[in-house]
Amino acid sequence: MYKNVLQQIENVQVWPIISFVIFFLFFLFLLWYVFTADKRFIRYMKEMPLNEKNNTQSVNEKTSNT
Amino acid sequence: MELDKFSYDNKIVKAFIIATVIFGLVGMLVGLTIALQLVWPVFNFELQYTTFGRIRPLHTNAVIFAFVGNAMFAGVYYSMQRLLKTRMYSDTLSWIHFWGWQLIILAAAITLPLGLTTSKEYAELEWPIDIAITLIWVVFGWNMIGTILRRREQHMYVAIWFYIATFVTVAVLHIVNSFEMPVSLFKSYSWYAGVQDALVQWWYGHNAVAFFLTTPYLGMMYYFLPKAANRPVYSYRLSIIHFWSLIFIYIWAGPHHLLYSTLPDWAQSLGTVFSIMLIAPSWGGMLNGLMTLRGAWDRVREDVVLKFMVVAVTAYGMATLEGPLLSLKNVNAIAHFTDWIVAHVHVGGLGWNGFLIFGMLYWLVPRMWNTKIWSPKLANFHFWIGTLGIIFYALPMYISGVTQSLMWKEFNPEGFLVYKNFLETTVQILPMHMLRAFGGLLYLTGAIVMTYNLVKTAYAGSFVANEAAEAAPLVKTESSSGGWHHWLESKPVLFSALALVSILIGGIVEMVPTFLIKSNVPTISSVKPYTPLELHGRDIYIREGCVSCHSQLVRPFRSEVERYDPLGGEYSKSGEYVYDHPFLWGSKRTGPDLHRLGGKYSDSWHYNHMLAPDAVSTGSIMPAYPWLFEQAIDKTTTAAKIKALRTIGVPYEEGYESRANDDLDMQARRMAENLQLEGIEVEPDAEIIALIAYLQRLGKDIKASKTADNTLSTGNQ
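Chains as they are written, first to last, in numbering that gives the first Met the number 0: chain A, 0 to 65; chain B, 0 to 716.
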């Protein structure tokens, strides 16, 4: 088993900070995405569980029809 | 375009529903039994197969993996086919999954009462069953990914993302936490030791809650709640943020189970920070669920399905606010090891999982049997008695948890503990435990009523095994007008890979430093491996599930050091656990901590105490262990145990396995002779001797290190 491979690690505290920054940037990116996403696509996805009986269409067909 | 004609497989959903109901009743009944045991030890039946230590894991495994697990599969198999507009990828895989999972449950129901356990919470099953779980989980994932690839709907609805994350993460968690060294067919030692084992276990334990009890149920909430309310989810945008934030952040929070333990401070703080951050996505999801009912709240009054779902989502909100608050060190100092945690998990288990399952069943069964619910009145009765059950369960446990914790910590003006005898704090909360058992009884009654109602409903209708459906085949389109996530939702494999990356980052950052860096686990030179006799004793301690009620972790509080090590004044150190495969810190103190037990009482005290706890400590609720006095230590396994432990890093010298039993006999004989001096006749190879040897070893090493230091400093003068 690989145990105690390194004697010491410098500034281990920086690890979580780096991960937090990665997450935060990703989060900002998500926010930017959801607010700029195509409204028709969002509506289509949102109603998917209620549209089971209807014939499915790909979203592109649907959006091009509108 | 010509439509494909196909059918949805309802038969597999039916099978999982039946299993859900049966195992739900069994799991709750075992839960009620152990609740009674904590008030009246007579319910342990003086049988080794039914003591609290052995059937408490039976309860947790039954409700988590059998009840909640089967319901998850029922919900996933029903909703996935419809959201993707296709039958499941393979009926054969569906049925291998179903029967494989039931066999695993059967294996658990047999092995746990037999005492075959790894002792790691929610991962107690021994290695052959672990392998079976891995295989069946792969079958589930294979079937799921196959279905997604064969879909007739280009985009994956949010529920499907949650199912994918569940599959991927549970696979990673289970494999990493189940690394163990087999000794025999039903005995293994955790690959990791001490603080590292604890970190891996609670990374697993916490995320089992996250990815077995939460993410699949959020997926089901996003499907069944809009169906039941007949309106779309409040915000699809919020669900995208909810999903990615939740799976990214959840994986980090595991160390909050180890606050004030010997885990390095930076890792503890990491757990706290990410737990607090977790409030945001959890509440985002809860609000998204509740807001789905905007404009339809009047229907909640009439529709029992919605009633169950509203309470479920509310319970989810309460539990996910409480969890982060419990992760604050000042709150954790009071709540950890007490009934508060029991209340917390049951708000989640009874409220969130249980009520969402009940709501889903009341919605699914009439539809699958093409009829109406047999008795809406009985369903309403179930709702109210179940809700009362949750309240009667949770409130007494909060009171009991805080009461006991404050009693543990109370000092008198002279600076001594007011309740020096731990037992006083146990007796104090017994009335609360009675009320808790009553709450459990109410909840179980509700489940029985539901079973009757569902069976009647099924008999009144006619089952639709294959539900006819039609949909246009999927046309591959390259262009994407919806942007990045739009594109990603049509790429299931890439989506799964990204979900995997999200959850791996947290795991890696937590584990790598703790595993690879020597300075994180300072060694103590006086800490030595267990003697063969102590090792057998430790395995008996594991077999009997002592860890269910006794911690081995003295936290760095004055009240704990004063209570558990008044003479030495030592709280627990990482270096003391380096040979502990597995770690036995425990998560609940129904009885006192045992990490400094060695030398506190005589061998004869332990002998009498294990035989009749109540006779030695009046009012004790610990069960008696008469079989330990009749059963002999299984010395045929000693060599294999020594060899296995050496392989995973315990420094027993080469060839020691051939002499180990001689050492064992010698130590056992000496102990039996000492007991004889106190008038106790006992065979040296009785299991009780090994157990006492282990209990007397606890905390001895740290005392030895102090003695050595003192001698050194005296010698220098």
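Since the hints were derived computationally from the structure, they do not count as laboratory data. Hints may contain errors.
Said to hold, decoys possible - Only part of the chain A face toward chain B is listed, based on derived beta-carbon distances under 7 Å:
no.: 1; residue: Q12
no.: 2; residue: P15
no.: 3; residue: I16
no.: 4; residue: V20
no.: 5; residue: F23
no.: 6; residue: L24
no.: 7; residue: L27
no.: 8; residue: W31
no.: 9; residue: Y32
no.: 10; residue: F40
no.: 11; residue: M44
no.: 12; residue: K45
no.: 13; residue: E46
no.: 14; residue: P48
Remember, it's a predicted structure, so these values are computed and weren't measured experimentally. Virtual Cβ for every residue (Gly too), placed ideally from N, Cα, C.
**Prompt:** What are the numbers of the hints that this structure violates, sorted from low to high?
**Reply:** Hint check: 3, 4, 5, 6, 7, 8 fail, others pass.
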